[in-house]
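Novice: Start counting the sequence shown at 1; every next residue gets the next number (our numbering).
Any given hint could be a false lead.
Below are the BS3-like pairs computed for lysine-lysine, each with C-alpha atoms no more than 25 Å apart in a straight line [what the hints assert, rightly or not]:
# : residue 1 : residue 2
1 : LYS82     : LYS9
2 : LYS67     : LYS9
3 : LYS67     : LYS95
4 : LYS82     : LYS67
Hints are computed from structural coordinates only; laboratory data are not their basis.
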Amino acid sequence: VIHERQEDKAAQTRSARSAINSLSYSEILAMQRIFEELDGDEGLLVASRIADEAEITRSVIVNALRKLASANVIESRSLGMKGTYLRVLNPEIRKEFEKQWYSHPKS
């Protein structure tokens, strides 16, 4: 049982690393901002506000969310004007982002 859990965690870590490796530098910065704002493993975010604060385009955020959703590490659902619902499916994604932390450019 312990060995199976270790294998599951290793598979989740590989999946998270692979997902992050598919992101551009700008997309990584965007996702780091999003994870900073996300309270726990799920919540609502407003991409346009985050884009304005981070001085990036909304499309960078949308592309990053799509890539991570395709890799099954997050679930993302548009709620129209209310924002985007985000849920972390793979808990290792946060740890892997922390390992690859980039400092945000000064505004």
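Novice: Look at each hint and say if it fits the structure.
Specialist: Right, here's what the structure says about each hint:
no. : hint             : result
1   : LYS82 with LYS9  : 34 Å, violated
2   : LYS67 with LYS9  : 21 Å, holds
3   : LYS67 with LYS95 : 18 Å, holds
4   : LYS82 with LYS67 : 22 Å, holds
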